[in-house]
Amino acid sequence: MPLWTRKSATDARRSANEALLGALVGAGEAALAGRSPWADARARFWRNRAAALSLCILVAVVLLCAVGPLLLPHAFDSADWDAMSLPPSLNNAHYFGTDDSGRDLLVRSLVGGRISLMVGMLATLASATLGIAWGATAGFLGGRADALMMRVVDMMYAVPYLLIAILMVTMLGREFYLVVVTITVFSWMDMARVVRGQTLSLRSREFIEAARALGVPTRRIIFGHVVPNLLGVVAVYTTVTVPGVILTESVLSFLGLGIQEPMTSWGVLIHDGANVMEISPWMLLFPAALLSVTLYCFNYIGDGLRDALDPKDV
Amino acid sequence: MGSYCLRRILATLPTLLVVVTVCYLMLHATPGGPFDDERKVSAVVLANLQAKYHLDQPMWKQYLYYLNNLLHGDLGASFRYADWSVNELVAKALPVSAAIGGGAIVLSLLIGVLLGSVAALRQNSAVDYLVMLMGNLGHAVPSFVIGPVLILVFAVWLRLLPAGGWDDFAPRYIVLPMALLVFINVATIGRVMRGSLIEVLHSNFIRTARAKGLPTRIIVLRHAMKPALLPVVSLIGPLAISSITSAVVTETVFSLPGLGKLIVNGAANRDYTLVLGLVVLVTVIAVGFNLLVDLAYAALDPKIRY
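Sequences listed follow chains A and B, in order.
Start counting the first sequence at 1; every next residue gets the next number (this note's numbering).
Start counting the second sequence at 1001; every next residue gets the next number (this note's numbering).
These are calculated hints, taken from the structure and not from any lab test.
Note that the coordinates shown come from a computational prediction; the quantities given were computed from them, not determined experimentally.
A couple of the hints might just be wrong.
Computed footprint of chain A on chain B; a stretch qualifies when at least three of its residues, placed anywhere within it, have a C-beta under 8 Å from a C-beta of chain A [as the list claims (entries may be wrong)]:
#1 1017-1023
#2 1093-1099
#3 1142-1152
#4 1242-1250
In this text, a Cβ means the ideal position worked out from N, Cα and C, and glycines have one as well.
Just chain A, with the same shape it has in the complex (with noise of 0.2 Å):
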């Protein structure tokens, strides 16, 4: 990870400037509180106007989902036999339109989202959270476990993973939570690999050297320097993971192997619209642009928040 390895020079200087300051000042830390480095990270981010955007558009689309089923007069699976495959209309609430039974396709699509979305919290959650342990312990043992470990990753990494998500679907079952569990089996390594590297070269760094050459305390070598530096790659790998996995879980229900009726989710929906895109292709159209728009932000808040905290790029 290039993009991370030349943070360390700039950050060495940054401590040992921060410690000579000090020393001459002999003030210790009021004197040298500045802006933090997320506070830069944060300005950053807000200065890229496309990663902002999406910013914004995510946190729309995560508050419609919330909060619209709630607002409007439909329910999701409720079906109407006097309003079936109705195109979008603004007259009758149908915004947009109907599905070949009558069920309101807005309704449907936030439902869908909010299925798709907490798939992909909870996935991507586990997911980090297995990473982040298997790579640090393989980053901090070293050695032969080290080895070992990354052995099981590579070996995960040639295993062409939706079709064992689509044995492991068939075997287990295709309630939520199993849909969950397959994802996160296949969406670990990355996580894994890049903790694993950061934590191997953090150990070695001249910044910590700097540091510990400076007296600065354990634990404040590890919360001030380490700790913020591994939380910037989780950050970046988190979001990037989130995308990937919403992802998955739509082809699995696209391919009829995910959610199940009358649950819903936007690959379901696409899948059910593709059949009938013919006579009504807004049935595909809709849930089509939300997974993509969401897909879109995730990704450009991904490459911006990578900008963001990596203060060489700029």
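Starting from the known structure of chain A, fit chain B onto it as the hints suggest.
Using the frame of chain A, we list chain B on its own:
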């Protein structure tokens, strides 16, 4: 080189063994047996059937039988399609997937390298924007959205091509699925090619070549291309694997009788042996591809020591 090859080949064996074992154990953990049917069979017939398929043996023995069959290239019998062995099903489906997947990889390598190179040489030109746009689209719009949209446009609205199906390798049925795969792959290849060629063109030996007064054509073709292509070579492995997995989606979207469709149908029908056999087969192909690409990479890149 010889010992490196041998070491790499040996290193793939544990991977394969672990995958086969884990999948086998999962298969065994599921309740129900192949003969728990609505159709009641008499106890004697059942015993005979179980003896025939070694189901009366302890599990480790069954596992060894399965491994032995695998080594002989026998993936077993299908649970659901009576009278069909997994091998026969695969023999029918594999050519379809291979034709579309293989064709798509070759085509997308050609197009991707070409577009990526032009984009790198003419930055901020129309081609450059096209490559970046495709890269973005291919990244965020999933294939199971692009596929139906292609059908909607070319089959439903323009009525140029069939919406799906298969007729013994007739080109009409191949165009759309292949176009979908090519689009997705070119998105990746083009971006990687563009990035790596730009990086190479900024390196010292290119500056030297320019200083010598070589024409741009020679610089690009003779000096810059080879190192710039290396990252693309390392992409072939993942691309091959992803075309196998995206075959699952394309073949569902376009209803093609390939491996992907087979596995999805197998999963929907809970045809355990079929799904297991296909997963094992695809894993072997994927691991083999990775191995080949690694070896090719080692042979091409002078910086790699083995």
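Hint check:
Coverage of the region 1017-1023 of chain B by chain A holds [criterion: at least 3 residues with CB-CB distance below 8 Å; count 3]. Figure legend: the region 1093-1099 of chain B, annotated as covered by chain A; annotation inconsistent (0 residues with Cβ-Cβ distances under 8 Å, at least 3 required). With a cut-off of 8 Å between beta carbons, the region 1142-1152 of chain B has 8 residues touching chain A; three or more are needed, and the interface restraint holds. Proximity of the region 1242-1250 of chain B to chain A, defined as three or more residues with a beta carbon under 8 Å from a beta carbon of that chain, is established by the 4 residues found.
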